[in-house]
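K.L.:
The task is simple: from the sequences and hints, build the whole structure.
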Amino acid sequence: MASCGMAAGAERVFQKAKEQIAKQGNNCRVFQTGCLGFCQVEPMVEVRLPGGDRCVYGPVFPEWMENLIESCSKGVLPDDRQIGRIQTLPAVPPLVADIACQLPDHLFYKRQIRIASRNCGQIDPESILHAFGLGAYQALAKCLAEMTPAGVIQEIVDSGLRGRGGAGYPTGKKWLFTKEASEKRKYLICNADEGDPGAYMDRSLLEGDPHAVLEGMLIGAFATSAQRGVIYVRREYPLASRRLQIAIEDARAQGLLGEKILGANFSFDLDLVEGAGAFVSGEETALIASIEGRIAEPRPRPPYPAVQGLYDCPTVINNVETWANVPAIIQQSAHWYGQYGTEQSKGTKVFSLVGAVRNTGLVETPLGTSLATIVEQIGGGPHPGRSLKAVQTGGPSGGCIPADRFDLSVDYETLEAHGSIMGSGGMVVLDDRACMVDIAKYFLRFTSSESCGKCTPCREGLDHMLQILERIATGEGENRDLDKLETMALGIKDGSLCGLGKSAPNPVLTTLRDFRQEYLAHIEEKRCPAGVCRELITYTIDEEACTGCGACLKVCPTDAISGEKELPHLINAELCIKCASCREVCTYDAIGIV
Amino acid sequence: MDIEAIAQNWRNRPGMVTGALHDLQRRLGYLDEEGMKVLATALEIPLSQVYSVATFFSSFRLAPIGRYHFQVCHGTACHVRGAVQLRERLERDLHLTIGGTSPDGNYSLEEVRCLGCCGLAPVVQVNEDIHGRMNQIRLGRLIRPNEDENENPVKN
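Residue numbers (the working numbering), protein chains in the order written: chain A, 1 to 594; chain B, 1 to 156.
No wet-lab data here; the hints were simulated from the structure.
Since the structure is predicted, the reported quantities are computational estimates derived from the model, not experimental observations.
Check each hint, because a few of them may be wrong.
Computed spacing ranges between beta-carbons, pair by pair [said to hold, decoys possible]:
#1 Ser102/B <-> Arg534/A: 20 to 30 angstroms
#2 Arg534/A <-> Lys37/B: 40 to 50 angstroms
#3 Asp80/A <-> Pro103/B: 43 to 53 angstroms
Coverage of chain B stretches by chain A, computed from C-beta distances (three or more under 8 angstroms per stretch; other residues unrestricted) [stated by the list, open to error]:
#4 88–98
#5 113–126
Every residue gets a Cβ at the ideal spot worked out from N, C-alpha and C, and that includes glycine.
P.N.:
Okay, structure coming up:
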């Protein structure tokens, strides 16, 4: 019952399950959980039988729930729609170690190590008792009982944890700056303004296990002596806000927020602030401006927020996933966390694996896992008949890694060396039906309209680059446009204050480098090889494949298709608006694009 | 909630202006000029600050929206899975352009950056409900749920 499951119909399934159980009056109990990450098979249901047998099903629909509940009440787990069985209930639930993955036989889960998302899908995120059951706030208790603030920071430093929002700055180091600042008033911020399109790790963490984030912040507050925290949540995530609000109130009621927490000489409380829809407000100084009541415009750094942040006070600002990792590290150890990942990039990272891949969803893997493992094994590779072209990482600030470089390891350094970034963890897989000029254009349209306007190169330059790309996409580009794009890209990178402008040209630069042939096909041959750019394509019907079933004729909104029943149909190119309806309904793969 | 109470609630709190504007917008569904003026006075900040925040962020609207508010997600995953065609379909069927509201006040159309349901792309949100795995046919049913599915709504 996270946003994505609900978009797939989970609420009706949940409702049906409740009704069925009420009707049968048996001893079943149903509760909601956060997201298990495997969006492709949403809505998902997990069944736990007395004695420990557990099984995950998906995709399920309301009517099927009757079978499931009836069968389960007799102690039988049905075979159809099984994602996998979970062999045993963990004997000591609170341990995060070796939680790795609960469905070790399933390809999607096999190679995952779930640390940040350890409790997502395991607990009712609206129940603090469920969270307690899996060990929530035990790491905080450990800090208060056994550790010093300096010891906590040392543990985080030793773990090698780096900012999961994109920049990858060492978390412990940030905390240390704030701890050492002389001002008395200090703040913590959780950046939940997850703006990268195609990325939704943080939404899922907040919706699935909000207490992990609260506990992480409490530990951060203990370590840095901050008294007050702010969680800044994107406006587009109302469910995450609601669950956070519930979590905050429950934690307060349990004495985990407020004065004298757990009886110790330690006080901390939190405010929840909703964003208002601006990509740039994910930049830390812009986010602070927004909390202070101004428009979200970045300011030059230094001074960094760790020294001078919210209301000019020292402020630690970390993103959702970073905070969620903290309790696991404290509870286990820095050494335990460091066993995952590479020398420079330790631990695990949650990625949103989406786009043209069979298994879409959220995956958490150790850093250093190869792109091939993530895309081809966990993701199950391309859809039948398609071939992979590239993977776009890092959102609008990132770039495209071509399929022949899927041997690359996913860590901060490697991706950056290849002109992209890891960013917040978005991975959009592109197949042969994606046009790289169109992708570059898409991101520039995004960044140019999200530029706050403060720096001229970003405000004006991105718009000019977009115009050039639009020319190329309509077949009116010239060869020298490519040089122009490169020159402007470098100028914008140099001349912009914040990360938005500095990285906005990346999607253009990486596609120009690795997919220059596609740009040239648009310019010299007036052709879009992937069949995407409107002005350069025509929809046609393959006479051999068409059976004259008439499905396309019925759905065509402009009456562009004609033909007799059981004879091949024809598309009138003058009337065709390229809406793709015919392609969608044709079961014979007869609609082609040339 | 009256404006004085909104201001009282948010004065000097983190997220003061955006928070107060969200509450103000909840009253009418958009931000009215008079409301912003009263709010600025009550928060003891310049009207220009209220107005700059109201026009900087895309969540704030200075005009009413329709009874059915369609939001087409245009995140990357939705883009590569046909968001453009979905947007055009809505524009055609609802006789609206992005940002527009129908004269009868029934429909309005907006493009949003990313709803964070990328695993179910492409996605369209109508009022509070997010609909995943959209395509032309399912979108047609969403626009006109009562229509016979063999009938093409666009041709009517």
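K.L.:
Taking the beta carbons of Asp80/A and Pro103/B, is their distance inside 43 to 53 angstroms?
P.N.:
Taking Cβ atoms as reference, Asp80/A and Pro103/B lie about 50 angstroms apart, which means the hint holds.
K.L.:
Between the stretch 88–98 of chain B and chain A, see if three or more residues pass the 8 angstroms beta-carbon test, and mark the coverage as holds or violated.
P.N.:
holds (count 3)
K.L.:
Starting from the range 40 to 50 angstroms, see whether the pair Arg534/A and Lys37/B falls in it by beta-carbon distance.
P.N.:
45 angstroms, holds
K.L.:
For the stretch 113–126 of chain B, do at least 3 residues have a Cβ located nearer than 8 angstroms to some Cβ of chain A?
P.N.:
holds (count 10)
K.L.:
Taking the CB of Ser102/B and the CB of Arg534/A, does the distance hold inside 20 to 30 angstroms?
P.N.:
Roughly 26 angstroms apart at Cβ, these two residues keep to the hinted range, so it holds.
In this structure, none of the earlier numbered hints is contradicted; all agree with it.
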